[in-house]
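Build the full structure now, drawing on both the sequences and the hints.
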Amino acid sequence: MADERALDEVVTFTSDLIRIDTTNKGGGDCQERPAAEYAAARLAEAGLEPVLLERTPGRTNVVARLEGSDPSADALLVHGHLDVVPAEAADWSVHPFSGEVRDGVVWGRGAVDMKNMDAMILAVVRSWAREGIRPRRDVVIAFTADEEASAEDGSGFLADRHAHLFEGCTEGISESGAFTFHDGGGRQIYPVAAGERGTAWMKLTARGRAGHGSKVNTENAVTRLAAAITRIGEHEWPLRLTPTVRAALTELAAVYGIRTDLSDVDALLEKLGTAGKLVEATVRNSANPTMLDAGYKVNVIPGEAVAHVDGRYLSGAEDEFRATMDRLTGPDVDWEFAHHEVALQAPVDTPTFARMRAAIEEFAPEGHVVPYCMSGGTDAKQFSRLGITGYGFAPLKLPEGFDYQALFHGVDERVPVEALRFGVRVLDRFMRTA
Numbered sequence: 001m002a003d004e005r006a007l008d009e010v011v012t013f014t015s016d017l018i019r020i021d022t023t024n025k026g027g028g029d030c031q032e033r034p035a036a037e038y039a040a041a042r043l044a045e046a047g048l049e050p051v052l053l054e055r056t057p058g059r060t061n062v063v064a065r066l067e068g069s070d071p072s073a074d075a076l077l078v079h080g081h082l083d084v085v086p087a088e089a090a091d092w093s094v095h096p097f098s099g100e101v102r103d104g105v106v107w108g109r110g111a112v113d114m115k116n117m118d119a120m121i122l123a124v125v126r127s128w129a130r131e132g133i134r135p136r137r138d139v140v141i142a143f144t145a146d147e148e149a150s151a152e153d154g155s156g157f158l159a160d161r162h163a164h165l166f167e168g169c170t171e172g173i174s175e176s177g178a179f180t181f182h183d184g185g186g187r188q189i190y191p192v193a194a195g196e197r198g199t200a201w202m203k204l205t206a207r208g209r210a211g212h213g214s215k216v217n218t219e220n221a222v223t224r225l226a227a228a229i230t231r232i233g234e235h236e237w238p239l240r241l242t243p244t245v246r247a248a249l250t251e252l253a254a255v256y257g258i259r260t261d262l263s264d265v266d267a268l269l270e271k272l273g274t275a276g277k278l279v280e281a282t283v284r285n286s287a288n289p290t291m292l293d294a295g296y297k298v299n300v301i302p303g304e305a306v307a308h309v310d311g312r313y314l315s316g317a318e319d320e321f322r323a324t325m326d327r328l329t330g331p332d333v334d335w336e337f338a339h340h341e342v343a344l345q346a347p348v349d350t351p352t353f354a355r356m357r358a359a360i361e362e363f364a365p366e367g368h369v370v371p372y373c374m375s376g377g378t379d380a381k382q383f384s385r386l387g388i389t390g391y392g393f394a395p396l397k398l399p400e401g402f403d404y405q406a407l408f409h410g411v412d413e414r415v416p417v418e419a420l421r422f423g424v425r426v427l428d429r430f431m432r433t434a
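If you use UniProt numbering, the sequence shown closes out at 434, no skipped numbers anywhere.
Check before you lean on any hint, since a few could be wrong.
Here are the computed lysine-lysine pairs in the PhoX-like style, where the Cα-Cα straight-line distance is at most 25 angstroms [said to hold, decoys possible]:
1) K215 <-> K297
2) K203 <-> K25
3) K203 <-> K297
Okay, the calculated beta carbon distance ranges per label pair [as the list claims (entries may be wrong)]:
4) R231 <-> D21: 38 to 44 angstroms
5) K277 <-> N217: 42 to 48 angstroms
6) R161 <-> G26: 17 to 23 angstroms
7) D293 <-> E37: 34 to 40 angstroms
Everything labelled a hint here was simulated from the structure, so no lab data went into it.
Even for Gly, the Cβ is constructed at its ideal location relative to N, Cα and C.
This is how it looks when you write it as structure tokens:
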């Protein structure tokens, strides 16, 4: 088990990393290098030889390999991103980049997304160095840039230009799984991510005839665009169940003693109550209009209007998604991908998933471990190009009333100290035996 020093270091590292402002506003406006250098220094102190890699100056990634005891075993990738989304200090109770530790809680942007996991990885590896422990399989550690935007300077760059560093890696773990979900009825559920919906961020462009705002215009670009995004926003996507979502529904139904009836999934979700929220966003594709841009003066009809839509699609449902967007946008509106990444699907009947389950159950025997599919995406998408199967496994034991999912990109992001220590213990247990 990880030593006592590791349980203290994870708190220090989380706080220190939060204080390094790595805000990613998109468009290349971010500097992860100070955080990368911090992480690399902590790894070097543990005897590893981290390399720092950049596609763009200041957009720094860190990769290191820890040799395992079984040279015939496939390698495990353990990765976390260093960038964070913006935070408006005036909206927060504590400054978002203070890293303040107060009343047993670490505050700040990145506390759950995902400098906490970065700190856990560092704490575990350093504990092993002190104890002279080697994992069974090689462990490749990667701290990436740019996950909160396109990943072009981060995992995408690493996968495309430095694939040799991940030689032998067949599986990987990262964010958004193995946290405590309280159902409000006394049950504690630990969802482990075994899939991600695909990313389909789209730009819609409507073109028409520019003219005076006082004249009749049947080719108004704004009207055409508005009609298209209304159709998109009101569309009811059909039910599509992936193997991961089927497994999630089956295991959740077993937890509640409910007969698994996948012929009426909406009814099943309703019976599952609050636990259904873990699944409801991933039984269908989705497309949500998010941005509009048109015109420059009230009495001028513009010749072009633009909108952006956040689309997500399930594994095996991309063709249907594209065809549906063609139909909903219609003949007067063009659409294109502004950012496009694959959907992921990971098996849940593997020794690796069983070891993740066992690690959680050892330290949270009252918990129910279930697989689930993430509604969004992670760096696992880019690493999948290398044949690496990704899971969401960043363990945290959270108190009831602590809304973990709401704090992703939310105000007053924070993580309990005891949750971090639980995460170190579980991660240590899993990584030793994985």
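Comparing the hints with the structure gives:
1. Of the pairs offered as hints, the one joining K215 and K297 holds, with about 15 angstroms between alpha carbons and a cut-off of 25 angstroms not exceeded.
2. Note on K203 and K25: the hinted pairing holds, with a Cα-Cα distance of about 19 angstroms set against a maximum of 25 angstroms.
3. Distance check on the hinted pair: K203 and K297 sit about 22 angstroms apart at the alpha-carbon level, within 25 angstroms; holds.
4. Between R231 and D21, the C-beta spacing of about 41 angstroms keeps the proposed range 38 to 44 angstroms intact.
5. Taking the beta carbon of each, K277 and N217 are about 45 angstroms apart, inside 42 to 48 angstroms as hinted.
6. Taking the beta carbon of each, R161 and G26 are about 21 angstroms apart, inside 17 to 23 angstroms as hinted.
7. Checked against the hint of 34 to 40 angstroms, the pair D293 and E37 passes, with Cβ atoms roughly 38 angstroms apart.
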